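Given chain A, work out where chain C should sit, using these hints.
Number of protein chains: 2
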Amino acid sequence: MDLAHMKSELSKRLSTGRYNHVLRVTETAMRLATLHDVSVKKAEQAALFHDIAKCMDPTSLRILMIENKVDERLFLFHHELWHASVGALIAESEFNVKDTEILNAIKYHTTGRAGMSKLEKIIYVADMTEPERNFPGVEELRELAIDNLEVAMEACIRHSVQFLVKKGVPVFPDSIDCYNEHVMKRGIVN
Amino acid sequence: MDLAHMKSELSKRLSTGRYNHVLRVTETAMRLATLHDVSVKKAEQAALFHDIAKCMDPTSLRILMIENKVDERLFLFHHELWHASVGALIAESEFNVKDTEILNAIKYHTTGRAGMSKLEKIIYVADMTEPERNFPGVEELRELAIDNLEVAMEACIRHSVQFLVKKGVPVFPDSIDCYNEHVMKRGIVN
Chain A
1 MDLAHMKSEL SKRLSTGRYN HVLRVTETAM RLATLHDVSV KKAEQAALFH
51 DIAKCMDPTS LRILMIENKV DERLFLFHHE LWHASVGALI AESEFNVKDT
101 EILNAIKYHT TGRAGMSKLE KIIYVADMTE PERNFPGVEE LRELAIDNLE
151 VAMEACIRHS VQFLVKKGVP VFPDSIDCYN EHVMKRGIVN
Chain C
1 MDLAHMKSEL SKRLSTGRYN HVLRVTETAM RLATLHDVSV KKAEQAALFH
51 DIAKCMDPTS LRILMIENKV DERLFLFHHE LWHASVGALI AESEFNVKDT
101 EILNAIKYHT TGRAGMSKLE KIIYVADMTE PERNFPGVEE LRELAIDNLE
151 VAMEACIRHS VQFLVKKGVP VFPDSIDCYN EHVMKRGIVN
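As you go down the protein sequences, you meet chains A and C in turn.
The opening residue of the first sequence carries number 1 in the numbering used here; numbering runs sequentially from there.
The opening residue of the second sequence carries number 1 in the numbering used here; numbering runs sequentially from there.
Extracted from the complex, chain A is given alone in its bound form (with noise of 0.2 Å):
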């Protein structure tokens, strides 16, 4: 991967404000993989690529998704949730990365999933607390991704169902699942 190619890439596909969000999750998802023995090489792959798909337009992204037969519930669910799929589709086909752990990285960053791998849990986390994020709990949010990544992924996923259901708008059932795996690992007694 040459990284001046790719990063000449992106500053055409996305808005300069995108660019600049992306090489921040960039630098934040490579210390936080430093801090939990992670790939650091991966998580510069992953973060530099998550958003390579989000400023394409609905349409675009639509015919990416039927051509490369995508997971059909999301057609259901807002546009804003197509170009995680997409961005790892592009990362494949445009610039041959074949890692599965860094496509389903780049894959479920905006949704999670249950049983997800350490590097989709520090790209999704890295996406929610870049610097430049501003909400609040945000700080707590960051102290806990450089403690304990397990707990930084419980508290995003449960901040970002909350925020969505809070506001009455649709959560895609990939991140219900996400919420419940954490959540039921602090045990349920039957």
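In short, the hints are calculated from the structure, not lab data.
This structure is a prediction, so every number in the text was calculated from the model and none was measured.
A hint or two may mislead.
Given that identical chains are not distinguished, each listed pair holds provided it fits within a single copy or across any two copies.
Derived lysine-lysine pairs resembling DSS-like cross-links, with alpha carbons at most 30 Å apart [what the hints assert, rightly or not]:
| no. | residue 1 | residue 2 |
| --- | --- | --- |
| 1 | Lys118 | Lys7 |
| 2 | Lys41 | Lys167 |
| 3 | Lys185 | Lys69 |
| 4 | Lys185 | Lys7 |
| 5 | Lys185 | Lys166 |
| 6 | Lys166 | Lys118 |
| 7 | Lys12 | Lys167 |
| 8 | Lys12 | Lys98 |
| 9 | Lys41 | Lys166 |
| 10 | Lys166 | Lys7 |
| 11 | Lys12 | Lys166 |
| 12 | Lys98 | Lys167 |
| 13 | Lys185 | Lys167 |
| 14 | Lys98 | Lys166 |
| 15 | Lys185 | Lys12 |
| 16 | Lys167 | Lys7 |
| 17 | Lys118 | Lys185 |
| 18 | Lys7 | Lys69 |
Same frame as chain A, but now just chain C:
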């Protein structure tokens, strides 16, 4: 259906508090059925049966669930959810209830689901808004239940999901499907 026999059976199987709750839900459900053009007789039966398994211990519930091959996902969730499916089993096997609409209203009264019938919604909403329910917002739900069953159901499932997520406890997937179906009806712009 011999109502006197049914009530005597209920009073044997339920605590006094629970039995009285069932009578209040039945009265509420019958009133809502009249208002929203649903069979009052069916609403009465479904409401009387809805909590028939509520006071059973988790082990007995589990045995019946295994024997009758209920949705296996339920075993991963709190046993609080189990009484609804088992209630429907008991209504059918011990009381010879064969009406699928009534059985489904019993079965889904705790989780909700996508594609609920009007009778299912009436039992769900009546259970949540019977006169002794006392939580912030219940009065608004009661008014909605009278005015518009559809809007009341959406408000009730939103309230339930929000309550669970705020507490940080698992949400059964059927409840999210129900929530998503209702909030999506208001339209997503792609």
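Cross-check of the supplied hints:
no., hint, verdict
1, Lys118 with Lys7, "within (24 Å within a copy, 55 Å between copies)"
2, Lys41 with Lys167, "neither (37 Å within a copy, 38 Å between copies)"
3, Lys185 with Lys69, "between (33 Å within a copy, 26 Å between copies)"
4, Lys185 with Lys7, "neither (39 Å within a copy, 41 Å between copies)"
5, Lys185 with Lys166, "both (24 Å within a copy, 17 Å between copies)"
6, Lys166 with Lys118, "both (28 Å within a copy, 26 Å between copies)"
7, Lys12 with Lys167, "neither (33 Å within a copy, 44 Å between copies)"
8, Lys12 with Lys98, "within (23 Å within a copy, 64 Å between copies)"
9, Lys41 with Lys166, "neither (37 Å within a copy, 37 Å between copies)"
10, Lys166 with Lys7, "neither (37 Å within a copy, 40 Å between copies)"
11, Lys12 with Lys166, "neither (36 Å within a copy, 41 Å between copies)"
12, Lys98 with Lys167, "neither (37 Å within a copy, 40 Å between copies)"
13, Lys185 with Lys167, "both (26 Å within a copy, 15 Å between copies)"
14, Lys98 with Lys166, "neither (38 Å within a copy, 39 Å between copies)"
15, Lys185 with Lys12, "neither (42 Å within a copy, 37 Å between copies)"
16, Lys167 with Lys7, "neither (35 Å within a copy, 42 Å between copies)"
17, Lys118 with Lys185, "within (16 Å within a copy, 36 Å between copies)"
18, Lys7 with Lys69, "within (28 Å within a copy, 54 Å between copies)"
Comparing the model with each numbered hint stated earlier shows that hints 2, 4, 7, 9, 10, 11, 12, 14, 15 and 16 do not hold.
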